[in-house]
Amino acid sequence: MGDALAIGVEDLTVAYDETAVLWDVDLEVPKGSLMAIVGPNGAGKTTLIRSVLGLTKPAAGRITIDGRPASEAKRLIGYVPQRGTVDWDFPTTVLDVVIMGRYGALGWLKRPGRKERDLALEALDQVGMQEFASRHISELSGGQQQRVFLGRALVQDASVYLMDEPFQGVDAATEKAIIELLRGFKAQGKTVVCVHHDLQTVEEYFDRVLLLNVRRIASGPVSEVFNQDNLRLTYGGRLAFSRREPARSLD
Amino acid sequence: MEALLSWVDDYTLRTVALGSAMLGLVSGVLGTFALLRRQSLLGDALSHAALPGIALAFLFTRSKSILVLVMGAAVAAWLGALLIDSVVRNTRVKTDAAMAVVLSVFFGVGLVLLTYIQRLPDAGKSGLDTFLFGQAAALLERDLYLMAALGGGALLVVALLWKEFKLLAFDPGFASSLGLPIRGLERVLTTALVIAIVIGLQAVGVVLMSALVVAPAAAARQWTNRLSAMVVISGGFGAVSGASGALISSSVPRLPTGPMIVIVASGIVILSLLFAPRRGLVIGALRKRAGRKRLRSEVVLVDLYLLSLQHEVRHPHTTESIAGMRYQSGDVVASLDTLTARGLVARSGAGWVLTETGERLAKELLMLEQDASEAQLAVALAGRAPR
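Note that the protein sequences, when read in sequence, are chains A and B. Counting in the working numbering, the first sequence runs from 82 upward without gaps. Counting in the working numbering, the second sequence runs from 511 upward without gaps.
It is worth saying that the hints were derived from the structure and are not from the lab. All the given hints hold, so there is nothing to weed out.
Covered stretches of chain A (chain B as the covering partner; in silico rule of three or more C-beta atoms under 8 Å from a C-beta of chain B):
#	stretch
1	165-175
2	178-191
Here are some chain A residues the structure puts well away from chain B; computed CB gaps all over 12 Å:
#	residue
3	Ala96
4	Thr100
5	Lys112
6	Gly148
7	Asp199
8	Gly224
9	Gln249
10	Asp252
11	Glu305
12	Asn308
13	Tyr316
14	Gly317
Values in this document were obtained by computation on a predicted structure and should not be read as measured data. From the three backbone atoms N, C-alpha and C, an ideal C-beta is built for every residue, glycine too.
My request is simple: use the sequences and hints to build the entire structure.
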């Protein structure tokens with residue numbers, strides 16, 4: 082069973098000060114999953130992703146990627162940070178940002194060349210942004226910024242993708258384009274884990290879900306664990322979550 | 511022109527100009543990364559932090575050799591950087607506060623040491639205090655070799671780690687997720703910045719050296735949207751500021767170099783903020799004005815169209831009746847002139863009529879079908895007719 086796991090997290094505890102941000106969290110993400118991490122603000126969703134990426138140092142716990150310690154598996158992981166984490170007035174072009182996805186594979190002292198350029202253009206085509214290749218990044222809308230970040234993740238050619246709120250603040254067309262892309266990843270046997278905020282779309286977009294609030298509330302196939310009881314446990318009694326039909330009319 | 515040539519012929523002046531251009535180039539290049547990483551204040555903190563290093567290096571060696579003093583400065587500045595970093599990491603003090611504390615503490619200690627040195631019987635009173643405001647005239651040829659070696663090394667590091675530094679500046683989190691050693695890269699970049707600063711201290715002084723880190727980069731950002739071009743332009747601005755500031759100060763007795771260089775650099779910043787294409791304030795204001803003027807005139811165009819619907823379309827209307835359509839913020843006559851210049855309206859007797867293009871644009875602006883019938887127009891425009 083162990084070698085079928087894309088991501089394995091055991092007993093993960095993370096603390097910034099005295100209080101735990103994540104407490105003794107276990108997580109198994111089978112290969113080829115499309116998984117959502119949901120939970121209230123401050124539940125530790127981003128921290129969990131950052132821990133898997135090695136950006137945050139856990140107080141305790143073990144993280145494996147494809148059966149190997151996470152620190153040895155960086156090449157296998159693709160990362161899509163929140164859009165707001167970078168300065169979109171930075172002097173660089175759309176194409177340049179996407180090429181950055183190849184920096185890890187390039188290695189020291191090597192400059193990106195024709196091959197990296199072609200890969201980046203292809204990725205931009207896949208996210209519908211090829212005509213923006215030579216634009217300065219400050220000219221992009223929020224949805225376009227997100228597409229550029231996804232293009233950068235595409236050229237990484239990773240087998241496991243971690244995304245921090247990829248659907249946040251994008252329009253319906255971009256949301257649809259993103260979910261198509263994620264399903265494409267899944268079809269190729271890749272694994273995708275997204276921090277996700279829109280409870281309405283969890284059932285439509287994802288096949289697995291982790292309900293998180295410092296502790297793991299539940300984790301598994303959406304059909305089994307995404308229910309009222311677990312949501313109430315995750316968000317506390319205050320949340321009146323009505324199970325509405327998810328919007329399926331995005332076309 | 512002759513004065514210029516005689517400057518270049520003058521051996522001392524040539525040394526001074528070359529040295530100042532070199533330090534401007536290096537600090538301009540490294541300043542770009544400091545600016546983009548929102549660490550512009552780091553230059554200020556590090557240059558001030560260098561002062562006690564200079565004083566201690568002199569006290570220990572009793573030598574005024576530039577090599578010794580620059581090494582002392584570099585060690586102190588580097589320790590300052592390390593201290594800022596560890597304060598930010600281990601306490602709740604934020605970066606700006608940590609920088610301010612390190613700057614003032616190190617600079618204070620440096621001033622105390624400098625005063626102590628001035629009182630020493632054998633100190634040879636002149637010399638070290640030029641490090642406060644800089645004296646480019648004191649640059650010697652062998653200083654240039656040292657500056658070239660150190661500065662060249664710093665530039666080489668930037669060239670070799672170009673893509674890593676670029677990613678570090680743009681998206682450090684992503685860089686780290688690729689497995690790049692972020693902290694190591696930060697240290698190397700800081701070291702290069704320290705080198706850029708300490709080779710400038712003799713000519714520019716600890717007090718104003720930071721301006722040569724920030725100003726060229728801030729000016730260069732105005733002119734380009736590409737990092738490579740920005741680095742080159744910033745280096746160029748730094749070199750020009752350094753050389754011309756040093757030459758001006760050398761031609762006037764007792765005029766310190768640092769302030770002069772900073773004045774030139776600031777001039778470049780002001781010109782860039784005002785006149786750069788795309789990002790400049792002047793072009794921005796002009797564009798805004800032109801846009802408003804166009805929109806105002808298009809409001810008048812729509813009014814004229816609405817008026818014309820009450821008669822047959824080519825019936826002329828006077829300026830007064832157009833102006834009476836609504837409260838106009840601006841000069842209707844001016845708007846009509848703009849529209850005439852664009853070929854959207856034309857004079858007809860004592861009044862104005864829409865041209866065909868004008869009518870088309872008016873419909874477009876009102877989001878009407880171009881071939882709408884009069885009945886459709888009446889429905890679409892109900893409630894929008896003039897009062």
